[in-house]
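A.B. asks: So the chains spell out like this:
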Amino acid sequence: MKRWVMTMLALVVVMPALGATPVRIGSKQFTESVILGEVARLSAREAGIDVRHRRELGGTSILWSALLHGDIDAYPEYTGTLTHELLKNVAPDADIPTLRAALRPLGIGITDSLGFNDTYAIGMRDDQAAQLGIRSISDLVAHPELRFGFSNEFMDRADGWPGLRQRYGLPQKQVRGLDHALSYRALSSNAADAIDLYSTDAEIPYYHLRTLDDDKHYFPHYDAVFLYRLQLEQTNPAFVDVLKHLSGRIHEDAMRQMNALVKLQGEKETVVAAGFLGVQPDSDGTGLWSRLLQRTLEHLRLVLISLTAAVLLAVPLGVFSARSRRLGHVIMAGSGVLQTIPSLAMFVFMIPFFGIGTWPAIAALFLYSLLPIVRNTYAGLMGIAPDLRESAAALGLPRGVRLRRVELPMAIRSILAGVKTAAVINVGTATLGALIGAGGYGQPIVTGIRLDDTGLILEGAIPAALMALLVQGLFEGVERWLTPRGMRIEARQ
Amino acid sequence: MSTTSNASPEAFELHGVCKRYGGVVALDQVSLGFPAGSATALIGSSGSGKSTLLRMLIGLEWPEQGWVKVDGRVLEPAHVLELRRRVGYVIQEGGLFPHLTALGNLGLLPYHLGWSRDRIRARAEELATLAHLPQSALERYPAELSGGQRQRVALMRGLMLNPGALLLDEPLGALDPIVRHELQDELKHIFDQLGKTVIVVTHDVAEAAWFADRIVLMRQGKVVQDGRLEDLRQHPVDPFVTQFVEAQRTLRERTA
Numbered sequence: 001m002k003r004w005v006m007t008m009l010a011l012v013v014v015m016p017a018l019g020a021t022p023v024r025i026g027s028k029q030f031t032e033s034v035i036l037g038e039v040a041r042l043s044a045r046e047a048g049i050d051v052r053h054r055r056e057l058g059g060t061s062i063l064w065s066a067l068l069h070g071d072i073d074a075y076p077e078y079t080g081t082l083t084h085e086l087l088k089n090v091a092p093d094a095d096i097p098t099l100r101a102a103l104r105p106l107g108i109g110i111t112d113s114l115g116f117n118d119t120y121a122i123g124m125r126d127d128q129a130a131q132l133g134i135r136s137i138s139d140l141v142a143h144p145e146l147r148f149g150f151s152n153e154f155m156d157r158a159d160g161w162p163g164l165r166q167r168y169g170l171p172q173k174q175v176r177g178l179d180h181a182l183s184y185r186a187l188s189s190n191a192a193d194a195i196d197l198y199s200t201d202a203e204i205p206y207y208h209l210r211t212l213d214d215d216k217h218y219f220p221h222y223d224a225v226f227l228y229r230l231q232l233e234q235t236n237p238a239f240v241d242v243l244k245h246l247s248g249r250i251h252e253d254a255m256r257q258m259n260a261l262v263k264l265q266g267e268k269e270t271v272v273a274a275g276f277l278g279v280q281p282d283s284d285g286t287g288l289w290s291r292l293l294q295r296t297l298e299h300l301r302l303v304l305i306s307l308t309a310a311v312l313l314a315v316p317l318g319v320f321s322a323r324s325r326r327l328g329h330v331i332m333a334g335s336g337v338l339q340t341i342p343s344l345a346m347f348v349f350m351i352p353f354f355g356i357g358t359w360p361a362i363a364a365l366f367l368y369s370l371l372p373i374v375r376n377t378y379a380g381l382m383g384i385a386p387d388l389r390e391s392a393a394a395l396g397l398p399r400g401v402r403l404r405r406v407e408l409p410m411a412i413r414s415i416l417a418g419v420k421t422a423a424v425i426n427v428g429t430a431t432l433g434a435l436i437g438a439g440g441y442g443q444p445i446v447t448g449i450r451l452d453d454t455g456l457i458l459e460g461a462i463p464a465a466l467m468a469l470l471v472q473g474l475f476e477g478v479e480r481w482l483t484p485r486g487m488r489i490e491a492r493q
Numbered sequence: 001m002s003t004t005s006n007a008s009p010e011a012f013e014l015h016g017v018c019k020r021y022g023g024v025v026a027l028d029q030v031s032l033g034f035p036a037g038s039a040t041a042l043i044g045s046s047g048s049g050k051s052t053l054l055r056m057l058i059g060l061e062w063p064e065q066g067w068v069k070v071d072g073r074v075l076e077p078a079h080v081l082e083l084r085r086r087v088g089y090v091i092q093e094g095g096l097f098p099h100l101t102a103l104g105n106l107g108l109l110p111y112h113l114g115w116s117r118d119r120i121r122a123r124a125e126e127l128a129t130l131a132h133l134p135q136s137a138l139e140r141y142p143a144e145l146s147g148g149q150r151q152r153v154a155l156m157r158g159l160m161l162n163p164g165a166l167l168l169d170e171p172l173g174a175l176d177p178i179v180r181h182e183l184q185d186e187l188k189h190i191f192d193q194l195g196k197t198v199i200v201v202t203h204d205v206a207e208a209a210w211f212a213d214r215i216v217l218m219r220q221g222k223v224v225q226d227g228r229l230e231d232l233r234q235h236p237v238d239p240f241v242t243q244f245v246e247a248q249r250t251l252r253e254r255t256a
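Protein chains in written order, with full-length UniProt numbering: chain A, 1 to 493; chain B, 1 to 256.
Just so you know, the hints here were simulated from the structure itself, not pulled from any lab data.
Please note that the accuracy of each hint is not assured.
To list a few chain B residues with every Cβ distance to chain A over 10 Å, as calculated [unchecked claim]:
{"hint": "1", "residue": "Y21"}
{"hint": "2", "residue": "V74"}
{"hint": "3", "residue": "E82"}
{"hint": "4", "residue": "R157"}
{"hint": "5", "residue": "D185"}
{"hint": "6", "residue": "I190"}
{"hint": "7", "residue": "F191"}
{"hint": "8", "residue": "H203"}
{"hint": "9", "residue": "R219"}
{"hint": "10", "residue": "D226"}
{"hint": "11", "residue": "V237"}
{"hint": "12", "residue": "P239"}
Chain B stretches covered by chain A per the calculated footprint, using a threshold of three residues with CB under 8 Å from any CB of chain A [said to hold, decoys possible]:
{"hint": "13", "stretch": "89-103"}
{"hint": "14", "stretch": "108-122"}
{"hint": "15", "stretch": "142-152"}
Glycine is no exception: its CB is placed at the ideal position from the N, C-alpha and C atoms.
One chain only, chain B, in its complex shape (with noise of 0.2 Å):
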């Protein structure tokens, strides 16, 4: 997942993807390509199949008819946890284990691939620097963590091994406002640092502009639009792409 131009500049790719869950369509035909250290945002209603879009990007689902392909390389079984150790990937809540501390969770993948103790404080130490952890909290249970010192630390876990790629799945939709848009300054922050391909699923319309310059909205398995903020808004290529932005911001305005 390195940002270097390689022989595909595709960091993943999707290729007439379906999928079913029993009768319903998760994923309807979708083909998307995501560059190397670009900036995506995926939108849309629940349902509309954006968070498996996302799992399929690691392997955690996997394609009835279509194929993905992660650098250039058609995703399969027998290379998915090598995968999954080049993308960081954070899912609402965190995710973290309660019977490991913050620094457990951290070092749970950097130990197993063999990373001394001291190597692991010490990128944990660097992570909680970047994240804006107090150092204190490393040696806390996450049911000692604040909301949002428990997503701060899922971020750091999925940075661990410095990954080419973040996959967040509504990283911040369990979180008081206050503390989300705190963490929204932080997340686009780091993310400019860092310069990784960013794919962020989320349902708010403000967020996903927000973080990434291209926002592609899903409905029903299908991608429906595929563009900047502005042209969502100035060329609807659908009425539901406007009454879906509308929604969003005639509640923002009222509430402001």
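So here's chain A without its partners, still in its complex pose (with noise of 0.2 Å):
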């Protein structure tokens, strides 16, 4: 029986490493990403070119060290972000070639512009930028009574609020913070004049809006891009080539189009992205069963190899405490300290030391795995009645043998009790680790909180609850069949 267990562990843990690399394509966590980064993989596919989609690994920061690392190869990136966000030493206004010469050193390789630039805009309701015959910010200097609505971060951004206000000389004095899901509703019912917005958001026609011209060229080019390992001109030249096909061929129009038939009609960003390109979508694994499957899998991956491996530290480190008390002290305040950090923060963390994908999240459930499981074997140690621990030493038997035979299997329900805990919080953690790439159940919530779609959140948080349920349910029974009979009949007098 155990046996059994150890091989479908090794195979769960395996499995996935073996068979050949594919080519990884990376996207942010938002739809125009994900859409573009289907584009590159359907264009792939239809080269004859293995490759994978990583959908929605995050932000910014953790897509670009991924592609540093080489966790991923390529992925959809913006100009402006480039200059203002990752390269240093380069002008605002660099344009691609310098950017190319930039990212060279970096082992870096970037497409021309795809054809449309994504960048901040200003926009307002079309038939009242008619009335007042608004065209440019410029004109808006005009009209001092104006009322606006600006995402938090456009705010506070140097380059967006507080800049663009100096450089246009705008004298309005409404202007409020808005999320910026919220920026839309708040000026089709008036409740703003104008707000921020991306060029290419779904939401511009659907609104009937109008984007203000920046005619005093305020606001940085963001060019959409593709970014890629520079590697891969060696190893896959024919991705390299499909990539740079892709440059001059997406417009703002067919962009903001695409990003609307997702975001708006809820199709599916294969599909979309099939349609631009005028090839078959393929099923991408889409039907409920198989991805549930695949998900399962995914997330029992991540619980159990983290579960494991924290077993295999925290116990024996909930043995050294109970020997010596100022270890002790150290070893439970290290591990209360990992359990503040925040999870997402420190998914994060682990990027640096991992890549992304199922490691760094492996690696942060450890963490948060090691608390309960040394806290309840160091109390389940010292539980021990002291005559009882004393018996065993009085027999004569060495420490080690004290510990396996006679304190272990007396502590062996608190241990327990503490891998359970440890493995219950474990599955509900682990759904954030789609952030950062693991996939498991988290992965249809990111997607369904992105595109707004409670069946979507359903779709993992059910199975996920179900889980959760279960690992208890089956703990349990472990507690059952592992707690020797002796210790759970109570004594006779």
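These two chains come separately, so use the hints to put the complex back together.
C.D. replies: What follows is the structure, given as structure tokens:
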């Protein structure tokens, strides 16, 4: 029985590592990036290249470091992000050849512009703008009564509202911070007259908005490009050709249209990208059951590996803690501090060490599992009556034998309770792993939140809850199985 | 711990032993010898240091001053495991491990030392006969045994390797009077039969006198008197001796 369990464990761990490595495309956790990733994947597939798309890996910093470390081979990026966030010593208005030269030493290549500029823009309702005769941002100067509702990020960034006001000398006093998702509704319900938006937002045509002309060229260019590892030019030149071939092909209207199909019509990114390319969408494992199976395996893998590793370390740590009071304090404090790190932060901290995907998630879950197991091992051992502990010593058994044959069996219940707690917490926390590409039940949750799709969120949340219950039940069984019968019966007088 | 005559006839020997717990003196300049094959009872009220003395003989406590000799050799941490295997040690309530059956408790040390299961069972059955324990009780867990049976198993566990000495710390302290009386008889019988060095810690004068000719009365970490019960009664070295012996006798007479 135990051997069988070990074999299963080994399979779950090893299986995904087998097989040749395909090209890996990454995308950020917003719709446009996912669509661009799908466009690249489908184009490469048409060219007969084995390619995977790791969707919704989180924010810029995660994708960038994943590309640098070779965890992914390519991802869609914007020139403005490169000049403002990622590269130092580059002029804010650097053109693509300049960026290409700056990226080369890093081993990163860049395509030409895909054909659209997704930059900040200021938008107004088309009818109101027409009525006031506003076409460009400069025109706003003559209308100080207008109310602005800007996203919090735009309000704070030096290259956001503060700089914009200065450049154009805007006189407006009524400026409020808004959540970006709400700002369109604020605008359409007349709660604001102008908002910041991205020039390819799907909502622009939907809400009949006008984007004002940036006539003083304040906003930097955010031309969409693909970044890729230069190494691919040797190892997979066909794929690089595919990416280069995409440049100049996606115009702003087309991108806005694709965003709208996904965000407003609920189409799948794959279908939309295939429609744009004029190719057949592939199934991409879209059957609910096969999808569920794959996510279950991914999720189990996260939980099982992290938990096993945690048991292997935490039980000895608990034993040491019980043996030496001072060491115990240090170990308890250390694992307690780990517990206070917010889970998202913990996942991100792990990226420099483990890249993206399964391993950083496993590392984070492993660290979270330590405290409950260490603490319960310690409590279990300290709960043994001193005269029993001493009886074992008085028999003349060496320390190791005492621990193995007497103390651990008597503490097993408490230890298992700790492992159970860690396992249940892990099943829940592992859903956040999707943000760094670990897959699992978190994947539909992340996508569901992005698309505001409750069904999709439940597709992840319900199995995760079921798995937590199952784990709980399983451990209660194991507890009964491993607790010696003599420990379960009440003493007779 | 053999009973044959060695260089030293003393199985255990303490010399100028002191021990303190925090500010409390547990043992204060105690010097005592326990000849091989003799039976001794240590008596005194709680906190008198009698248990500490017993624990010191198998290295569960270590003296701050003075030394302890076992079989003529000064006790050191390096020898302590080997020594403990030559001494049976039985505590109040038995100290049986709840996760193991009676047989599992008996076999724990022998199994570690490489005894076969058959040999362990044969020895356990032999001792069960000696200790009047039903054979069927060997398969039971401590929680399924009565208090008296638990104490018998604890004694058997102490005897598994046929040690030269038995140290018993209030072995009958947790039993009801009837079982206690019965076990006193049996223990006495076993001690006489086996001829081992026996040291019993008790606070009951009558029990002490029943088990051993020699009684050592302790108070506040010091030996007050060392002799036969008759000596304690008729030639007390200190009013405390009389007080201690009388207190218990009076109680006994009143209840009788």
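A.B. asks: Compare the structure with each hint and give your call.
C.D. replies: To see whether the hints hold, each was checked on the structure:
no.: 1; hint: Y21; verdict: 14 Å, holds
no.: 2; hint: V74; verdict: 19 Å, holds
no.: 3; hint: E82; verdict: 7 Å, violated
no.: 4; hint: R157; verdict: 7 Å, violated
no.: 5; hint: D185; verdict: 22 Å, holds
no.: 6; hint: I190; verdict: 19 Å, holds
no.: 7; hint: F191; verdict: 19 Å, holds
no.: 8; hint: H203; verdict: 17 Å, holds
no.: 9; hint: R219; verdict: 24 Å, holds
no.: 10; hint: D226; verdict: 25 Å, holds
no.: 11; hint: V237; verdict: 33 Å, holds
no.: 12; hint: P239; verdict: 35 Å, holds
no.: 13; hint: 89-103; verdict: holds (count 11)
no.: 14; hint: 108-122; verdict: holds (count 3)
no.: 15; hint: 142-152; verdict: holds (count 6)
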